[in-house]
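Fit chains E and H to the supplied structure of chain W, relying on the hints for placement.
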Amino acid sequence: MAGQAPTAPADVYAEVQHFYARQMRYLDSGEAETWAGTFTADGSFKPPSLPEPVRGRPALTEGARQAAAGLAAEGQTHRHWVGMLTVTPADDGSLTAESQVSIIAVAQGGPARLHLVCTCRDVLVREAGELLVRDRVVTRDDRP
Amino acid sequence: MAGQAPTAPADVYAEVQHFYARQMRYLDSGEAETWAGTFTADGSFKPPSLPEPVRGRPALTEGARQAAAGLAAEGQTHRHWVGMLTVTPADDGSLTAESQVSIIAVAQGGPARLHLVCTCRDVLVREAGELLVRDRVVTRDDRP
Amino acid sequence: MAGQAPTAPADVYAEVQHFYARQMRYLDSGEAETWAGTFTADGSFKPPSLPEPVRGRPALTEGARQAAAGLAAEGQTHRHWVGMLTVTPADDGSLTAESQVSIIAVAQGGPARLHLVCTCRDVLVREAGELLVRDRVVTRDDRP
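Residue numbers (the working numbering), protein chains in the order written: chain W, 1 to 144; chain E, 1 to 144; chain H, 1 to 144.
No wet-lab data here; the hints were simulated from the structure. Any given hint could turn out to be false.
Claimed, not checked - With a Cα cut of at most 25 Å, we get these calculated SDA-like pairs of lysine to any residue:
#1 E:Lys46 - H:Lys46
#2 H:Lys46 - W:Gln76
#3 H:Lys46 - H:Asp135
#4 H:Lys46 - W:Pro111
#5 E:Lys46 - H:Asp135
#6 W:Lys46 - E:His78
What the hints assert, rightly or not - The calculated label-pair distances, taken between Cβ atoms and stated as ranges, are:
#7 E:Ala41 - W:Arg126: 36 to 42 Å
#8 W:Gln108 - E:Gly93: 50 to 56 Å
#9 E:Arg65 - H:Ala128: 48 to 54 Å
#10 H:Arg121 - E:Glu98: 38 to 44 Å
#11 W:Ala72 - E:Glu74: 35 to 41 Å
#12 W:Gln66 - E:Ala72: 33 to 39 Å
#13 H:Arg126 - E:Glu98: 22 to 28 Å
Source: prediction; values computed, not measured. Where a beta carbon is used, it is the ideal one built from N, C-alpha and C, also for glycine.
One chain only, chain W, in its complex shape (with noise of 0.2 Å):
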């Protein structure tokens, strides 16, 4: 399409499809602290179930843990799927990724079952080689 921004190259992709299996693998295990870690130091993550955002580490740990602790109780498994990802270079270097997550829910002795599907925007910026998400705000379509 005409004026469509250009999209990363392919080793910019596989690496930015390398860094969502990793960073929704830690929340899906529970590893709080890991994934908050990809993360900037002062990273900020609107959730469609907050009115602000969470921001930095120590606070995003403390989300993941207790949403672990939550999934825990209830005898469940979260699993986030990210797909129909674009990368787009910004001119300072930031990376816009745009996806759509669905979330799978998966209780003991079954059955899996789609619980969500959000639209995610996260502005990745790199640091000392690896890639963080600056900035992340995730919609839902089931929400006005």
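Chains E and H alone, transformed into the frame defined by chain W:
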């Protein structure tokens, strides 16, 4: 496997993944004319719901508009997910892209629900540097 | 993250994505022998439903044939979706590929339904230029 057609190199594969992410985003957000512009001027789309293919951008635009209006009237959002993608270059410079497409339906107030799974076979061609669909055939597993 | 294993470069990642798209297509379309040929001659597959791994192409073929016959008798199609894939090269030249695999079941007449979500850990090796599975371990979130 012996005798397998060679698949597209990483840069083309990443480009096709980006292509689908954008194309389905246009469709799901009701940008009917922009979506139709991801087909060639005489592009053909054979959906499982019609006996004959839809041909050309005006007809494609109209079809996407009607689909979007129908979903809006029902208070629903569709999200098309492309996965399990193979891209195979043909001798004439076109690409054959085969994938599974899941459609997730989300009603206002929820829940999200897996609506359909289709098989999509596209012939992609490059015009003025951009990939476009010249021919799309979509089939459904739940129909003979 | 500090201490993370380096991931495969883009060309290998694209090749592995193609590998899974084809391998699962063989399985889901009942091409049992072709599917078994995507494992090494002594390849091992530990599914969650069996106490011991299935070893070798004849046994793998037989297992895939039985699964396909069972689905055909029920009038069902399965579609295996691989996602959230990481590919990590090991020192011996093999690749460790870790992913989530969702199985979507579609009955004639519909609807489509999310059947299972598994975690798949493969060791892939290259023989005569082709990737093959030497060892596969699949686990399920809904079982201890």
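Taking the hints in turn, this is what the structure says about them:
1. E:Lys46 - H:Lys46: 40 Å, violated
2. H:Lys46 - W:Gln76: 24 Å, holds
3. H:Lys46 - H:Asp135: Holds, because 8 Å separates the two Cα atoms, which is no more than 25 Å.
4. H:Lys46 - W:Pro111: Satisfied, since the Cα-Cα distance of roughly 21 Å is no more than 25 Å.
5. E:Lys46 - H:Asp135: Violated, at about 40 Å.
6. W:Lys46 - E:His78: Holds, at roughly 23 Å.
7. E:Ala41 - W:Arg126: 36 to 42 Å: Since alanine 41 (chain E) and arginine 126 (chain W) have Cβ atoms about 41 Å apart, the given range 36 to 42 Å holds.
8. W:Gln108 - E:Gly93: 50 to 56 Å: Because 52 Å falls inside the window, the suggested range holds.
9. E:Arg65 - H:Ala128: 48 to 54 Å: 51 Å, holds
10. H:Arg121 - E:Glu98: 38 to 44 Å: 26 Å, violated
11. W:Ala72 - E:Glu74: 35 to 41 Å: For alanine 72 (chain W) and glutamate 74 (chain E) the Cβ distance comes to about 37 Å; the hint holds.
12. W:Gln66 - E:Ala72: 33 to 39 Å: 36 Å, holds
13. H:Arg126 - E:Glu98: 22 to 28 Å: Holds: the Cβ-Cβ distance is about 24 Å, inside 22 to 28 Å.
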